[in-house]
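Trainee: If you read the sequences in order, they're chains X and S.
Here the working numbering is used: position 183 in the first sequence is 183, and no number is missing along the way.
Here the working numbering is used: position 27 in the second sequence is 27, and no number is missing along the way.
Honestly, I wouldn't trust all of these hints.
[As the list claims (entries may be wrong)] Not close to chain S: a few residues of chain X, all C-beta gaps over 12 Å, as computed: (1) Lys35; (2) Asp74; (3) Arg81; (4) His85; (5) Leu134; (6) Tyr238; (7) Thr239; (8) Phe259; (9) His266; (10) Pro272.
[As the list claims (entries may be wrong)] 35 Å max Cα-Cα, derived DSBU-like pairs, lysine-lysine: (11) S:Lys255 with X:Lys336; (12) S:Lys47 with S:Lys34; (13) X:Lys226 with S:Lys255; (14) S:Lys255 with X:Lys5; (15) X:Lys5 with S:Lys257; (16) S:Lys58 with S:Lys86; (17) S:Lys226 with S:Lys175; (18) S:Lys47 with S:Lys163; (19) X:Lys228 with X:Lys336; (20) S:Lys34 with S:Lys175; (21) S:Lys86 with X:Lys336; (22) X:Lys228 with S:Lys122; (23) S:Lys175 with S:Lys163; (24) S:Lys255 with S:Lys226; (25) X:Lys7 with S:Lys58; (26) X:Lys323 with X:Lys301; (27) S:Lys47 with X:Lys228; (28) X:Lys226 with S:Lys257; (29) X:Lys7 with S:Lys122.
If you are wondering where the hints come from, they were derived from the structure by calculation, not from laboratory data.
In this text, a Cβ means the ideal position worked out from N, Cα and C, and glycines have one as well.
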Amino acid sequence: MSKPKFKNPVVNWIDYRLPIFTFMNHELNEYPTPKNLNYFWNFGSLAGITLVIMIVTGIVLSMNYTAHIDYAFDSVERIMRDVNHGWLLRYIHMNGASFFFIVVYIHIFRGLYYGSYKAPREILWILGVLILLLMMATAFMGYVLPWGQMSFWGATVITNLFSAIPLIGESIVTWLWGGFSVDNPTLNRFFSLHFVLPFVIVGVVILHLVALHRFGSNNPIGIDVKGKQDTIPFHPYYTIKDLFGLSVFATIFAAAVFFFPNFMGHPDNYIPANPMVTPAHIVPEWYFLPFYAILRAIPDKLGGVLFMFGAIMVLFVLPWLDKSSVRSSQFRPLYKLFFWFLVIDCIALGYLGAMPAEGIYVVLSRLATAYYFFHFLIILPLLPKIESTRPLPVSISTPIITASSNASTVMAMREKK
Amino acid sequence: MRFSKLVLYFLILFNFFLSKLALSAGKAIEYPDKNWSFSSIFGTFDKASAQRGFQVYKEVCAGCHGMRLISYRNLAALGYNQDELKAIASQFEITDGPNDDGEFFTRPGRPSDKFASPYPNKKAAIAANGGAYPPDLSLIIKARPNGANYLHALLSGYVEPPKNMIVPEGMYYNKFYSGNLIAMPQPLYEDGIEYLDGTKASPDQMAIDVTTFLAWASEPELEERKQLGITVILFLIVFSILSYFSMRQIWAPIKNKN
C-alpha cells in the first residue's frame with residue numbers, strides 16, 4: 001500500500017477502497033484553475049447553488065402542495081398563510097426561478113463574450129444549452145402549478161404551440177393535455193414533470209462539470225493554460241472568491257424575496273384560474289419574453305414556433321458557426337462590437353415581448369428577430385474573413401506585452417499630454 | 001473592461017424595469033399615490049385603520065364580497081384578543097354538517113371558521129348581481145397592479161359621467177375603472193357607517209381604512225417578512241464585507257507576484 005494520503009486513518013481506510021476523498025481533493029481542492037478569472041466566472045457556481053436552493057425549497061413546498069385544479073390555488077395560499085415560514089419558502093422558490101435565469105443568462109453571455117464554447121469545450125457548451133432548455137421546461141411547468149389566471153392561460157398558449165405541427169399537431173396537444181383542454185390531468189403531469197426535471201438538470205450539470213474539468217475553465221484572455229505558472233489551486237483561491245460572490249448575490253436575492261417578492265410576478269396569478277375569462281394580455285414570465293417576441297414576430301404559427309425553438313437550436317451549433325480561432329473578444333475588436341449589438345438585440349426582444357403585438361412593435365420585433373439570426377448565421381461565420389485580431393499574449397502569466405495593454409499605455413500617455 | 005461590465009449590469013437592470021413598465025403599460029389610468037403605512041421597507045399596518053377597515057368590510061362590502069381565505073382567528077393580527085375574536089365570529093351564521101342525523105345545520109361562527117360567504121355558491125352570487133361576479137377580496141390587493149392605490153382610487157372614483165356618455169341600467173360610471181363602466185354601485189357614502197372608535201366616517205377615510213384591511217388580508221406575513229428581511233440583509237452585508245476582506249488576504253500573494 002502506498003503512503004497514506006490523508007491524516008485521518010478512517011478517511012484513508014475508506015479512500016483506499018472507495019477513492020472518493022482523492023476525487024474530491026483532486027476536483028475541488030487542488031483542481032488547477034487559471035489565475036486570471038474575473039467576476040464573470042462566479043456565475044457558474046452561483047447557478048449551481050441556485051439550483052440547489054430551488055430543489056430544497058421545492059421539495060418542502062411539494063409536501064404542502066395539492067396538484068388538483070380545485071385545491072392547487074388554495075393549497076398555495078395555505079402555504080403562504082398557515083405553514084410556518086411557508087411564505088418565505090414560496091417567495092424564495094418563486095423569485096429563485098427569476099434569479100436562476102438572471103444568473104444563467106449572465107453565465108451564457110460570459111461564454112459568448114470570452115468564446116468559452118470553442119474547441120475543445122464544444123460539448124461543455126452543448127450540455128449548457130441543454131441545461132437551459134431543461135430549465136425553461138421546468139420553469140414553465142412550475143409557473144402552471146399555482147393555478148392562477150396566468151398559470152392557466154400561459155399553459156394554454158404554450159401547449160397550443162404544438163398544434164402548429166402539421167398533421168399530428170392536434171393529436172400531440174391532446175396527448176400533452178391528457179384531455180381536450182388544459183385541465184386536471186395537465187396539472188398533474190406538469191407537477192410530476194416539474195418535480196423530476198430538476199433532477200435531470202442535476203445529472204446534466206454533473207456532465208457539464210465533468211466536461212469542464214477535462215480542460216479546465218476558459219479565462220478572460222482566452223488562451224490555453226501553458227503550465228503550472230498560469231494556474232492556482234481551486235481551493236482556497238476560488239472557493240473564497242465564489243463565497244464572496246455568493247454573499248453579494250444572496251444580498252440582492254434577499255432584497256427581492258423580503259421587500260419586492262411580487263415585483264417579477266404578474267398580479268393576475270393571484271386570481272384563481274378561470275377557463276371562461278381570458279386576461280387582457282397573456283404575458284409569460286420575463287425570462288421568456290425574448291423568445292415570446294420571436295414567436296409573435298413571425299406571421300405564420302408554425303414558422304413562429306420553428307423560429308422560437310431555432311433561437312435556442314442555433315446555440316447548439318454555435319461552436320461551428322464561429323470559425324475564428326481566437327476565443328476572447330478582448331482580441332477581436334469587431335466581434336466585441338457585434339457581441340454588444342447582440343446584447344442590445346436580446347434586451348430589445350425582451351422589451352418587445354412584453355408589448356402588445358400591434359403597430360410598430362410588430363415591425364420592431366421582426367427586425368430584432370432577423371438580427372438575432374443574422375448575428376449567428378451570417379456575421380459569425382463571415383467575421384473571421386474580415387476581422388484582424390489583435391496579437392495574443394504568450395501566456396496568462398505574461399500578458400504584459402499584449403497589444404491591448406500597449407494600446408492602453410499609449411492612451412494613457414496621450415491623456416498625459 | 002470595467003465600463004463594459006457596468007454597461008452590462010445596467011442593461012440587465014434596465015430590461016427588468018422596461019418589462020415591468022411594459023406589463024403595466026396596458027392601463028393608462030394613473031391612481032393617486034396614498035403613501036400607505038405598509039408600503040415602505042420598514043412599513044407596518046396601521047392597526048387602528050385596519051380594524052376600522054374590517055368594520056367597513058363587515059358592514060358594507062361583505063353584503064356581496066366573500067373573503068374565503070381568511071379565518072376569524074387571523075384577525076388577532078389586527079390587535080383583537082381571544083374574547084373579541086369569539087364575539088366577532090359568533091355574529092356570523094356558519095353552515096355546518098352533516099350531523100349524526102345526516103342534516104346540515106347552522107351554528108354561530110367560531111374563530112377557527114373561515115369568513116362566512118355572502119352567497120351559498122358562485123352561481124348564486126352571479127345571479128344576485130345581474131351577471132357580474134363580485135370578486136373574492138382575500139387577495140384583491142395582490143391581484144391588481146398597484147393594488148392598494150388602485151382600490152382606494154376605485155372606491156373614490158364614482159363621479160358624474162361625461163355628458164355624452166350613456167350609462168346602461170345596472171352599470172355605474174367610475175373614472176378609475178378600466179372602461180369606466182362598473183357593475184358595483186358606489187359603496188361608500190358620508191357617514192355610511194358609524195365607526196366604533198368614533199372616527200369621522202368620510203368616504204375617503206373609509207376607502208383608506210378598508211384598503212389597509214384588505215392589504216393586510218392579502219399579505220398577512222408582510223410585517224414579519226420585512227422585519228426578518230432587515231435582519232437577513234444586515235447579516236448578509238456584514239458577511240459580504242468579511243468575505244471580501246478574507247478574499248483580499250488570501251489572494252494577496254498572487255496579486256503581489258503580478
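Trainee: Run every hint past the structure and note whether it holds.
Mentor: Taking the hints in turn, this is what the structure says about them:
no. : hint                   : in the structure
1   : Lys35                  : 6 Å, violated
2   : Asp74                  : 7 Å, violated
3   : Arg81                  : 6 Å, violated
4   : His85                  : 9 Å, violated
5   : Leu134                 : 23 Å, holds
6   : Tyr238                 : 10 Å, violated
7   : Thr239                 : 9 Å, violated
8   : Phe259                 : 6 Å, violated
9   : His266                 : 7 Å, violated
10  : Pro272                 : 8 Å, violated
11  : S:Lys255 with X:Lys336 : 27 Å, holds
12  : S:Lys47 with S:Lys34   : 17 Å, holds
13  : X:Lys226 with S:Lys255 : 19 Å, holds
14  : S:Lys255 with X:Lys5   : 30 Å, holds
15  : X:Lys5 with S:Lys257   : 30 Å, holds
16  : S:Lys58 with S:Lys86   : 15 Å, holds
17  : S:Lys226 with S:Lys175 : 34 Å, holds
18  : S:Lys47 with S:Lys163  : 42 Å, violated
19  : X:Lys228 with X:Lys336 : 30 Å, holds
20  : S:Lys34 with S:Lys175  : 17 Å, holds
21  : S:Lys86 with X:Lys336  : 69 Å, violated
22  : X:Lys228 with S:Lys122 : 73 Å, violated
23  : S:Lys175 with S:Lys163 : 14 Å, holds
24  : S:Lys255 with S:Lys226 : 41 Å, violated
25  : X:Lys7 with S:Lys58    : 72 Å, violated
26  : X:Lys323 with X:Lys301 : 33 Å, holds
27  : S:Lys47 with X:Lys228  : 66 Å, violated
28  : X:Lys226 with S:Lys257 : 18 Å, holds
29  : X:Lys7 with S:Lys122   : 71 Å, violated
The structure fails hints 1, 2, 3, 4, 6, 7, 8, 9, 10, 18, 21, 22, 24, 25, 27, 29 (numbered hints given earlier, in ascending order).
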